[in-house]
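Student: With the hints as extra help, turn the sequences into a complete structure.
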Amino acid sequence: MLYAVICYNSESVVGAWSKEKDDAVMEHHKGVLAQFAAKGRLGPVARLMPTTTATTVRTGREMMVLDGPFAETKEQMLGFYLFDCETLDEVIAAARELVSEPGAMEIRPVMYFNPGNQKLVETK
Amino acid sequence: MSDLGWIDAALTSARPQAVAALLRYFRNLETAEEAFQEACLRALQKWPVNGPPRDPAAWLILVGRNFALDEARRRSKQTALPDEDVLSNTDDAEAALADRLDGEDYRDDVLRLLFVCCHRDLPSTQQIALALRIVSGLSVQEIARAFLVGEAAMEQRITRAKRRISQADVPFDTPGAVERAERLSTVAAMIYLLFNEGYSASGGELHIREPLCEEAIRLSRLLLRLFRGDPEMLGLNALLLLQHARAPARMDAEGQIVLMEDQDRRLWRRDLIAEAFAVLDKAVRLQIPGPYQIQAAIAAVHARAPRAEDTNWHEIDRLYALLETIQPSPVITLNRAVAVMKCEGPEAALKMIEPLEPSLSSYFHFHGLRGGLLMQLGRNDDARIAFDKAIALANTAAEAAHIRQHLDKLMSEGKKRKAN
Chain E
-16 MLYAVICYNS
-6 ESVVGAWSKE
4 KDDAVMEHHK
14 GVLAQFAAKG
24 RLGPVARLMP
34 TTTATTVRTG
44 REMMVLDGPF
54 AETKEQMLGF
64 YLFDCETLDE
74 VIAAARELVS
84 EPGAMEIRPV
94 MYFNPGNQKL
104 VETK
Chain Y
149 MSDLGWIDAA
159 LTSARPQAVA
169 ALLRYFRNLE
179 TAEEAFQEAC
189 LRALQKWPVN
199 GPPRDPAAWL
209 ILVGRNFALD
219 EARRRSKQTA
229 LPDEDVLSNT
239 DDAEAALADR
249 LDGEDYRDDV
259 LRLLFVCCHR
269 DLPSTQQIAL
279 ALRIVSGLSV
289 QEIARAFLVG
299 EAAMEQRITR
309 AKRRISQADV
319 PFDTPGAVER
329 AERLSTVAAM
339 IYLLFNEGYS
349 ASGGELHIRE
359 PLCEEAIRLS
369 RLLLRLFRGD
379 PEMLGLNALL
389 LLQHARAPAR
399 MDAEGQIVLM
409 EDQDRRLWRR
419 DLIAEAFAVL
429 DKAVRLQIPG
439 PYQIQAAIAA
449 VHARAPRAED
459 TNWHEIDRLY
469 ALLETIQPSP
479 VITLNRAVAV
489 MKCEGPEAAL
499 KMIEPLEPSL
509 SSYFHFHGLR
519 GGLLMQLGRN
529 DDARIAFDKA
539 IALANTAAEA
549 AHIRQHLDKL
559 MSEGKKRKAN
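So the protein lines, in turn, are chains E and Y.
For the first sequence, this note's numbering assigns the number -16 to the initial residue and increments by one for each residue that follows.
For the second sequence, this note's numbering assigns the number 149 to the initial residue and increments by one for each residue that follows.
Accuracy of the hints is not assured; some may be wrong.
As the list claims (entries may be wrong) - When the alpha-carbon atoms are kept at most 30 Å apart in a straight line, the in silico DSBU-like pairs for lysine-lysine are as follows:
(1) E/K4 to Y/K194
(2) Y/K537 to Y/K499
(3) Y/K537 to Y/K557
(4) Y/K557 to Y/K490
(5) E/K2 to Y/K194
(6) Y/K557 to Y/K499
I should point out that these hints are in silico values taken from the structure, not numbers from a laboratory.
Tutor: Written as structure tokens, this is what we have:
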């Protein structure tokens, strides 16, 4: 079974960290990741930029592109994709293609990327 | 976590929201600040034992409000204080308040708090000091150090500023759309000034004061989270990130200014640049260019060039031309002249800035650039006069030293010529 571990914290708290504090937290995370990597059980790891960089594509009666993150609602995060795109428009187009049901896809540029070492897992 | 640093971090980040809400309740800055202080003291007692509340801001608002209401009641009736446990048993109320905090009220609260600091009767340095004290929660000592003045002087300055705004009419009604936009632009201007105060210090030995820049970025992020779709808030945030990204390369080991074209671009902070590009992408999609966004776009052209000689000066010239039409100003024309110099040469640039002399005659950068252009054209005597004027107008030791380097170069060239 693969698990996604999604890290939550107050952005204003994290944003107020000094560089030293931020580095220390990241080092700690890397230490934990290294244990999994050593066992060959590490998947892709990504740290996202602040929600100020986020864009949301939402479907309802019509498709809308909204500034800001998808948040503060009852819906849960369902999945996580990484696309290599040249422009914001290109990734919005990709997200438009993905949303077939009413719901939302948030687009967040990635700050830190580690491709990991897992094989493709399809449970269906 | 074993240390109590998390409490400090939580109190700091909850501060703008909490003080802003308390200001709405009590319509008095001093009461709001006192209430917040008291709530912080109680947090320091309660949180290490009970753990952090689900929503620290909501907890602080509730506890602060109860305290201030109680104080008022005690003063008017001399009645007994309610039991401590009643005051602190805020679980249910906190949840209800947290829900309301997600709404529009909170946005306008924080904007109001910042706007109050920007009272137009206050000189800009006082506006900035006040915002740092009230919104950011920096200590008077920290602010005094950032402005390179004594603590007592800064204390006095802040007290005077507070007195001034306590006499002023603070707008407590929910603002309409036009008024909200006006407040937002006033506050954005203050944040921009705060950043510039750090980016290019207006006095003293230190040329860059990073804590001021970092605080400005923090406030711009706060505003952007509240007004997500605002193109100028996006622009301002991107602009500050891009300018600050160059900070590690802007001074050499001796504290001398390193011009952008001579900077080691490997020192530029790629994390901030990447974030700024992402923010700017969003702004550009909205297709409503404004002054901050265009300035951010100009900074982005520099950030995209791997080496100084790769800079797309034609794009910069085009962006400055656009900025000139939106916001005509001699300083913008002066900046455009640098791009014109790169594209068309020093003569065209000199022609462009000569008419600016009457309005910029006491502006350091005008004489600095003019001297540089004259030097390129071989008019060394005129260049020397311009550089002398620049030195007389320099705001910091680093600015003066930088111009002196040009002068030294002229002197040594002059000597060489005589020797030949």
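Student: Take the hints in turn and mark each one as holding or not.
Tutor: These are the hints, each one checked on the structure:
1. Using a Cα cut-off of 30 Å, the hinted pair E/K4 and Y/K194 holds, with the two alpha carbons roughly 25 Å apart.
2. A distance of roughly 19 Å separates the Cα atoms of Y/K537 and Y/K499; the hinted pair therefore holds under the 30 Å criterion.
3. Between Y/K537 and Y/K557 the CA atoms are separated by roughly 17 Å; this keeps the pair inside 30 Å, and the hint holds.
4. Taking the CA atoms of Y/K557 and Y/K490, the gap is about 21 Å. The hint holds against a cut of 30 Å.
5. Restraint check for E/K2 and Y/K194: the C-alpha separation of about 29 Å stays at or below 30 Å, so the hint holds.
6. Distance check on the hinted pair: Y/K557 and Y/K499 sit about 24 Å apart at the alpha-carbon level, within 30 Å; holds.
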